[in-house]
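The working numbering puts the first residue of the sequence shown at 2, with every later residue one more than the last.
Hints were generated in silico from the structure; no laboratory data involved. It is possible that part of the hints are untrue.
[Claimed, not checked] The list that follows gives simulated cross-link-like pairs (lysine-lysine, DSS-like), each with its CA atoms no further than 27 Å apart:
{"id": "1", "residue 1": "K217", "residue 2": "K179"}
{"id": "2", "residue 1": "K235", "residue 2": "K217"}
{"id": "3", "residue 1": "K235", "residue 2": "K179"}
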Amino acid sequence: MSITRLPIFPLNTVLFPGLVLPLNVFEQRYRALVRDLLKIPEDAPRRFGVVAIRDGREVAPTAVGMPDPTGPSAVGPTAGFGPDPMRAFHSVGCVADASSIRERSGGDGSDGDDGDDGPGKGDGYEVLATGTTRFRLLSVDASGPYLVGEVEELPEDGGEGAGALAAGVLRAFRGYQKQLAGARERTLAGVQELPDDPSVVSYLVAAATVLDTPTKQRLLQAPDTATRLAEELKILRRETALIGRLPSVPAAELTRMPTSPN
2 MSITRLPIFP LNTVLFPGLV LPLNVFEQRY RALVRDLLKI PEDAPRRFGV VAIRDGREVA
62 PTAVGMPDPT GPSAVGPTAG FGPDPMRAFH SVGCVADASS IRERSGGDGS DGDDGDDGPG
122 KGDGYEVLAT GTTRFRLLSV DASGPYLVGE VEELPEDGGE GAGALAAGVL RAFRGYQKQL
182 AGARERTLAG VQELPDDPSV VSYLVAAATV LDTPTKQRLL QAPDTATRLA EELKILRRET
242 ALIGRLPSVP AAELTRMPTS PN
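Turn these sequences into a full structure, and let the hints steer you where they fit.
Shown next, in the form of structure tokens:
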């Protein structure tokens, strides 16, 4: 297994291989990260690591939009994560490849390096990235403008019986979708074509099911595809039964965000 260094982008969500992640980048540390990604040729992978936050804040405390915008904003690569970022993050994350980076202009010709990282200023980037492979976070370097991690990429092992489990998970997922649509008083828009590759199924279902971050993290770091699928089968059956006993699921929409505001 190869060990490499990657820029680290901590989020209050879990990224899975094969899934698309839109990012709204406005904090100074992450703007610096994106500027370095832009130095990489467009035909080469612009890779960074996404880790889910175990204990900390995605946005630095007292930044614009936080409860106390009048206070001094925390700055630096570890802002919001405490003195030891390794303790603040989950140990397994996902490599992301930025396929699209679009700069937002503030309209005054500035490059956004004045230290004011508020999203209302119009500075920053819109990034569209795709998860590729899982990794284990071994260490974090906070000496630069943003966090850099030493990571060990993790292989995806199929495990025993992954094919049969994938078929069962797809059936359970369709039932879950129907039950969820009914609870929301909606109609499913046509029949979605779902993949049949077990590992792809496992990650798609993990991302598409309404679950909390710790549960999604457990699915991401499952030792193999079969283990992940077996856990998803239990989750889908449980959630489908639970939704069936509820008159509606209004709070479920709160778990869905189109972009991450870093």
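Results of checking the hints against the structure:
Straight-line distance between C-alpha atoms of K217 and K179 comes to about 21 Å, which keeps the hinted pair within the 27 Å bound. Straight-line distance between C-alpha atoms of K235 and K217 comes to about 14 Å, which keeps the hinted pair within the 27 Å bound. A C-alpha spacing of about 17 Å is found between K235 and K179, which places the hinted pair at or below 27 Å, so the restraint holds.
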